[in-house]
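Asker: Throw the hints in and build the complete structure from the sequences for me.
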Amino acid sequence: MTTTSIVTARRGPFMRRGGARWTGWLFLAPFMIVFLLVLVAPVVYSIYLSLFREQLIGGTSFVGLENYALALGDPKFWDSLGRVVIFLLVQVPIMLVIALAASLAIDSARLHLSSFFRIAIFLPYAVPAVVATLMWGFMYGTRFGLFGNITDAFGLDLPAPLSSNWVLASIGNIVTWEFVGYNMLIFYAALRVIPTDLYEAASLDGAGAFRTVWSIKIPAIRGAIVIAAIFSVIGSFQLFNEPNILKTLAPNAISTYFTPNMYAYNLSFSGQQFNYSAAIAIIMGLITVVIAYVVQLSGSRKVGRA
Amino acid sequence: MPRGGRLAPAGTGPTTRKSVWLTIIMALLAGYALLPLFWLVVNSTKTQRDLFSTFGLWFSGDFALWDNIVQTLTYDDGVFLRWFGNTLLYVVVGAGGATFLATLGGYALAKFDFPGKRAVFAVVLGAVAVPGAALAVPTFLMFSQMGLTNTPWSIILPSLISPFGLFLVWAFAVDAVPTEILEAARIDGAGEFRTFFTISARLLAPGFVTVLLFTIVATWNNYFLPLIMLSESTWYPLTVGLNAWNAQAATAGGEAIYNLVITGSLLTIVPIIVAFLFLQRYWQSGLAAGSVKQ
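Going line by line, the protein sequences match chains C and D.
Mapping the first sequence onto full-length UniProt numbering, position 37 (from 1) lands on 37, and the numbers just tick up by one.
Mapping the second sequence onto full-length UniProt numbering, position 165 (from 1) lands on 165, and the numbers just tick up by one.
Because the hints were derived from the structure by calculation, they are not lab data.
Even glycine gets a Cβ: it sits at the ideal position worked out from N, Cα and C.
You may find that some hints are simply not true.
[Said to hold, decoys possible] Across the chosen pairs, the derived CB separations fall in these ranges:
1) D:Thr198 to C:Gly82: 54 to 62 Å
2) C:Ala169 to D:Thr151: 38 to 46 Å
3) D:Phe59 to C:Ile47: 52 to 60 Å
Answerer: Okay, structure coming up:
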């Protein structure tokens with residue numbers, strides 16, 4: 001979205017004479033003022049905090065990068081980071097493949113009731129994470145019996161979804177449920193604007209539907225796929241709401257350092273370790289930026305090759 | 001399709017034959033999407049006792065939906081209605097304000113050249129990548145020093161920024177507002193703000209509505225921020241309130257009000273789902289507008 005648009009934006013506007021050069025700022029200023037207050041200032045403050053340490057004796061002192069060194073040697077931090085990495089390596093591909101397949105199915109015009117499917121599958125996106133997690137959490141739970149009912153009815157001996165071995169997969173299911181339809185619509189919107197003469201050319205060459213999907217449709221929406229992947233990766237690193245809410249229902253399976261975000265939160269609000277927490281948040285921010293950049297880079301390199 | 005080598009270019013006409021198998025597979029996916037919502041509807045008709053003792057995916061026992069709704073709305077002196085009102089406040093001021101700021105800013109980026117424009121792009125894009133965790137704690141500490149925690153401002157101010165909305169309006173405005181019209185207005189001597197409110201705003205309306213829908217969902221569903229900012233239930237939005245009810249039910253000695261958690265969840269999602277169904281024309285065209293630019 002961004003690269004092409006920057007080009008368009010550069011072409012679109014026009015220079016005005018004299019003092020009018022600053023007119024654009026009058027429109028942009030309200031956004032930028034609030035932006036500086038609620039986004040830039042906290043980042044700067046966070047970096048500042050991460051360089052200090054509060055001690056019982058001697059008060060707050062400057063410690064340089066010591067908090068960062070501490071975090072890199074902290075097994076709890078690595079444990080939480082490892083968990084979200086597993087999560088993103090498994091959940092993100094599954095969700096994006098399902099979303100892509102569903103968008104291709106809707107775009108193929110071979111479905112009955114396709115607008116019903118489009119809306120039904122997208123609907124969970126409008127459900128708050130809190131409600132989504134509570135619903136799935138109750139359904140998973142042994143107390144409300146639904147999961148037990150089903151395993152009994154089919155004579156299965158399935159593991160409990162909220163046991164410590166399976167809770168990450170159960171969270172993956174909740175997140176997939178929430179966002180598969182959203183990603184599907186992103187892909188579908190991109191598919192709709194592929195010029196039809198490409199299809200005509202392909203069919204003249206005798207390409208079948210699968211060939212058309214593989215050689216025309218998927219390359220044509222690569223930009224959308226890369227953006228969806230970046231947002232999903234960022235979302236995985238920020239995983240917080242679902243495990244934090246599910247913790248009430250599965251207190252033994254979800255620790256206070258289940259994800260880096262939960263660790264940073266609990267360090268601050270249960271442990272009062274604001275400086276250490278800020279360092280962990282900054283590390284996560286840096287990792288996220290690097291990974292998002294790598295995803296974007298590998299995506300655009302493929303575009304270059306195509 | 002390999003079948004018969006028939007040419008089936010996607011979406012290109014009424015000649016494409018419908019596939020029953022594809023429809024069945026999609027129906028499974030739709031069933032997966034709707035299952036928890038169905039479960040929610042079924043279980044909000046049950047009493048606390050029936051919740052534990054009857055099969056979860058069908059109606060049984062007493063039909064207690066109305067009792068549950070009345071109980072949800074009146075429990076604890078009607079705190080649910082208070083949370084509902086708070087949520088509305090955050091949505092109207094937060095999402096409305098965010099959309100307004102994003103529209104003005106996106107318009108500026110699309111239709112004006114000004115010093116520092118490239119820097120704005122870089123900074124806003126960079127900020128999108130910074131995870132919420134990196135911001136939440138320092139934002140909380142900053143706000144608590146400014147005396148803003150435990151006030152509606154602590155929720156509203158951060159909701160006012162939607163980088164996604166800014167980019168969407170910008171992508172939309174490049175084509176939706178023809179530069180020639182703006183030049184003509186300038187030649188006629190109209191001021192920039194007058195031009196914006198009389199001409200451009202109307203042309204930007206579809207983009208505006210799309211951003212509004214997405215910011216409404218974001219603020220209606222906001223959980224992390226209010227959880228951190230608010231320590232008293234007075235200013236809770238519905239999401240944090242529902243979680244507090246659930247936590248209360250799980251605490252030893254706390255009153256088990258699972259039926260209220262479930263009915264409250266249903267009441268929380270009904271307005272937003274209705275809004276989505278009625279306004280689907282807008283969000284679907286808005287998503288398309290965003291993707292044209294890719």
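Asker: If a hint holds in the structure, say so; if it does not, say that too.
Answerer: Verification of the hints:
1. D:Thr198 to C:Gly82: 54 to 62 Å: 57 Å, holds
2. C:Ala169 to D:Thr151: 38 to 46 Å: 40 Å, holds
3. D:Phe59 to C:Ile47: 52 to 60 Å: 56 Å, holds
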